[in-house]
Amino acid sequence: MKTHNQKYIIMALFTLLVFGFSSCEDKQPIDNSPKTGEVNLEFGHVWGLDMAPFYMNQTYVHPMSKDTLEINLLKYYISNVVLHKNDGSTYKVPESYYLIDPNNNKVRISGIPTGDYTKVDFLIGVDSLSNFSGLQGGALNPSNGMFWSWSTGYIFIRVEGTSPQSSTGLFMYHLGGYEAPFIASHSKSMSFGNDILSVNPSTSPTIHFNVNAAKFWHGPVKLNDLNVIHNISEASTQMSKNFADGFILDHIHP
Amino acid sequence: MKFPRLLGAGILVLLNWQACREPQIETRNAIEFPSDFPPISYQNPANPFTEAHIALGRKLFYDPNLSLTRNISCGSCHAQVHGFADHNLPLSFGIFGRKGKRNSPSLVNVAWMPNFMWDGGIRHLDVMPIAPLTDSTEMGMTLPLVLERVKENEEYKTLFMNAYGKFEVSETSVLLPLSQFMLSIISDQSKYDRVRRSQDKFTANESNGYQIFKENCSSCHQEPLFTRNDFQKNGITFNGEELGRFRITQIPEDSFYFKVPTLRNVELTYPYMHDGRFRTLEEVLEAYNQVDRNHAPNLPEFNLNSIEKEQLIAFLKTLTDYSLISNHKLSEPR
Numbered sequence: 000m001k002t003h004n005q006k007y008i009i010m011a012l013f014t015l016l017v018f019g020f021s022s023c024e025d026k027q028p029i030d031n032s033p034k035t036g037e038v039n040l041e042f043g044h045v046w047g048l049d050m051a052p053f054y055m056n057q058t059y060v061h062p063m064s065k066d067t068l069e070i071n072l073l074k075y076y077i078s079n080v081v082l083h084k085n086d087g088s089t090y091k092v093p094e095s096y097y098l099i100d101p102n103n104n105k106v107r108i109s110g111i112p113t114g115d116y117t118k119v120d121f122l123i124g125v126d127s128l129s130n131f132s133g134l135q136g137g138a139l140n141p142s143n144g145m146f147w148s149w150s151t152g153y154i155f156i157r158v159e160g161t162s163p164q165s166s167t168g169l170f171m172y173h174l175g176g177y178e179a180p181f182i183a184s185h186s187k188s189m190s191f192g193n194d195i196l197s198v199n200p201s202t203s204p205t206i207h208f209n210v211n212a213a214k215f216w217h218g219p220v221k222l223n224d225l226n227v228i229h230n231i232s233e234a235s236t237q238m239s240k241n242f243a244d245g246f247i248l249d250h251i252h253p
Numbered sequence: 000m001k002f003p004r005l006l007g008a009g010i011l012v013l014l015n016w017q018a019c020r021e022p023q024i025e026t027r028n029a030i031e032f033p034s035d036f037p038p039i040s041y042q043n044p045a046n047p048f049t050e051a052h053i054a055l056g057r058k059l060f061y062d063p064n065l066s067l068t069r070n071i072s073c074g075s076c077h078a079q080v081h082g083f084a085d086h087n088l089p090l091s092f093g094i095f096g097r098k099g100k101r102n103s104p105s106l107v108n109v110a111w112m113p114n115f116m117w118d119g120g121i122r123h124l125d126v127m128p129i130a131p132l133t134d135s136t137e138m139g140m141t142l143p144l145v146l147e148r149v150k151e152n153e154e155y156k157t158l159f160m161n162a163y164g165k166f167e168v169s170e171t172s173v174l175l176p177l178s179q180f181m182l183s184i185i186s187d188q189s190k191y192d193r194v195r196r197s198q199d200k201f202t203a204n205e206s207n208g209y210q211i212f213k214e215n216c217s218s219c220h221q222e223p224l225f226t227r228n229d230f231q232k233n234g235i236t237f238n239g240e241e242l243g244r245f246r247i248t249q250i251p252e253d254s255f256y257f258k259v260p261t262l263r264n265v266e267l268t269y270p271y272m273h274d275g276r277f278r279t280l281e282e283v284l285e286a287y288n289q290v291d292r293n294h295a296p297n298l299p300e301f302n303l304n305s306i307e308k309e310q311l312i313a314f315l316k317t318l319t320d321y322s323l324i325s326n327h328k329l330s331e332p333r
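Protein sequences, first through last, are from chains A and B. Number 253 marks the last residue of the first sequence (numbering that gives the first Met the number 0); no jumps. Number 333 marks the last residue of the second sequence (numbering that gives the first Met the number 0); no jumps.
Calculated from the structure, these hints are not laboratory results. Some hints here could point you the wrong way.
[Said to hold, decoys possible] A short, non-exhaustive set of chain B residues, derived as facing chain A with CB atoms under 10 Å:
| id | residue |
| --- | --- |
| 1 | ILE39 |
| 2 | GLN42 |
| 3 | LEU124 |
| 4 | PRO131 |
| 5 | SER169 |
| 6 | LEU174 |
| 7 | SER178 |
| 8 | THR248 |
| 9 | ASN297 |
| 10 | LEU298 |
[As the list claims (entries may be wrong)] Some residues of chain A that are not near chain B, with every Cβ distance over 10 Å (derived):
| id | residue |
| --- | --- |
| 11 | GLU69 |
| 12 | TYR96 |
| 13 | ASN104 |
| 14 | THR167 |
| 15 | GLY168 |
| 16 | ASN193 |
| 17 | PRO219 |
[Stated by the list, open to error] Residues from chain A that keep clear of chain B, each with C-beta distances beyond 12 Å, as calculated:
| id | residue |
| --- | --- |
| 18 | GLY36 |
| 19 | THR67 |
| 20 | ILE111 |
| 21 | VAL227 |
| 22 | LYS240 |
For glycine and all other residues, C-beta sits at the position ideal for the given N, C-alpha and C.
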């Protein structure tokens, strides 16, 4: 009996072995009808209360501080995108880390389950875990100029430029920080109101945001008082919050 | 007779299942961590240890082309003969003879370190080299320039082929082998270790020194790594520049806290402290004798006479690891 049993076991294992090898071959997608679609995020940059179009390397007068300034570099991270369906379910976009600047302000996200969406959440900045998970690629590649080498973590928002009101003629704000009390990442949750973002395989709808660059100096922050931030601080946390407050949902483009 | 056959078939099934999951060429773990040490801190499942990666990392570690002026390598300030600390300089020199602000710490046993630098600002070994590579007083590079310098050097071709099967230079393909080489710098063969493993005996002096060590030093310099890799304020006075941990946390209470260094190979790594202010172990012990306790909240009762100091130093010298400093696998490749 014993010997018999063992023969069966060996045969079973052999069968497993054979099937195991066949499983090494490329798996064919079983489902040929895609049930996903894509969504675009577009960040339009504006200036001031009247939401005038914003351009890099152009001189502006700040509406509150009255300082004259020109932005030569503006980059920031958008991460952890979550889409909410009208049935209450959510879709968390995996590995969603995007580096945005006024000239690279569109993100295409594919693989989103079809359906009607009513709200989007995202983080301005990088979640705390990804700040100290070691070396990463894509948007989080440390070669992108958004990584603090001496103190692990990303620069979430980087804005640099010139101003005659600054004592050095320059300003340079590197805003980051992922641990209390100096957290420079800010989560946003934006409802589409009466609009519906309809995702299906044949369309490519866009969510348009407006990002108000003047918000950095909201308060007002005078360039005479503050022209450099290169570490975590209260000022960094406040300035990043100001910037995050300048994000609004403009419209949905079907 | 039947059972081994059964086992064999089972193993084959398992092996083939594994083969489907991991298309790895070499699966043998090329770094052996001492079994009588605590578990290592380093974690990166995407960086399996192989001889080929370590060999590539070793070449990179000793390559002066990775500095702007092509004369400073990692090994310039982390010298094997000095337990992978600097050549007994208080502060290290970088490109154009620029003087740094801190004493280069030893790189032994980085596998157990959860953070790096005197202020602990860096929290993963894989990104640690970015700091010295890109610092303007150290190697003065940018990461893209580092990659260029590797790409242009034909000597790397074979090393990359062996490690990756292709000569593809990226942040990952450069920094992960560097981590592997540093992880292979393990110090566990000192006389202290032999005594601990019952293969040797302390002299009377060393033995007394060990007792003094346990009473006065071991709470921070915890065995067997001789550090807990935490931060302590040890009473040394402000040098006008360095606030230690505060730089990272921006919390005023963290001022003057520095990472506790290992005491392994301490005989070789002089001068001491973050700015290399003490040239000898005698000076260090005397400083602890006279410390202002308000600025050293966790320092145990520390009042050693000259005989006790001598005995303690005799013990500290048993932490010198001669097999580490003579290990050809860790030396500059020729």
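The hints, checked one at a time:
For B/ILE39, the interface hint is violated, since its Cβ never comes within 10 Å of a Cβ in chain A; the closest pair sits about 14 Å apart. Interface restraint check for B/GLN42: the shortest CB-CB distance to chain A comes to about 8 Å, inside 10 Å, so the restraint holds. Satisfaction of the interface hint for B/LEU124 is found here, the shortest Cβ-Cβ separation to chain A being roughly 8 Å, below the 10 Å cut-off. Taking 10 Å as the C-beta contact cut-off toward chain A, the hint placing B/PRO131 at the interface holds, the least distance being around 9 Å.
With a least beta-carbon distance of about 8 Å to chain A, the hint placing B/SER169 at the interface is held under the 10 Å criterion. About 5 Å separates the beta-carbon of B/LEU174 from the nearest beta-carbon of chain A, less than 10 Å, and the hint is met. Because the beta carbon of B/SER178 sits about 9 Å from the nearest beta carbon in chain A, less than 10 Å, this interface hint is met. Annotation: interface hint on B/THR248 holds; nearest CB of chain A at approximately 8 Å, less than 10 Å.
Taking 10 Å as the C-beta contact cut-off toward chain A, the hint placing B/ASN297 at the interface is violated, the least distance being around 23 Å. The beta carbon of B/LEU298 is not positioned within 10 Å of any beta carbon in chain A (closest approach about 27 Å), and the interface hint is therefore violated. At roughly 25 Å from the closest C-beta of chain B, the C-beta of A/GLU69 stays outside 10 Å, upholding its exclusion from the interface. The beta carbon of A/TYR96 is kept farther than 10 Å from every beta carbon of chain B, the shortest such distance being approximately 15 Å.
Its beta-carbon lying about 23 Å from the closest one in chain B, A/ASN104 satisfies the requirement of being farther than 10 Å from that chain. For A/THR167, the shortest C-beta to C-beta distance to chain B comes to about 18 Å, beyond the 10 Å cut-off, and the non-interface label holds. For A/GLY168, the requirement that its beta carbon stay farther than 10 Å from each beta carbon of chain B is met, with the minimum near 21 Å. No Cβ of chain B comes within 10 Å of the Cβ of A/ASN193; the nearest lies about 45 Å off, and the non-interface call holds.
With a minimum CB-CB distance of about 24 Å to chain B, A/PRO219 clears the 10 Å threshold, and the non-interface call stands. Residue-level check passed: A/GLY36 sits 31 Å from the nearest beta carbon of chain B, beyond 12 Å. Taking the minimum C-beta to C-beta distance to chain B, about 31 Å, the non-interface status of A/THR67 holds against the 12 Å cut. Every C-beta of chain B lies more than 12 Å from that of A/ILE111, the closest at about 27 Å, which supports listing it as non-interface.
No Cβ of chain B approaches the Cβ of A/VAL227 within 12 Å, the least distance being about 15 Å, so the stated non-interface status holds. Residue placement check: A/LYS240 keeps its beta carbon more than 12 Å from all beta carbons of chain B (closest about 17 Å).
Hints 1, 9, 10 from the earlier list are contradicted by this structure; the remaining hints agree with it.
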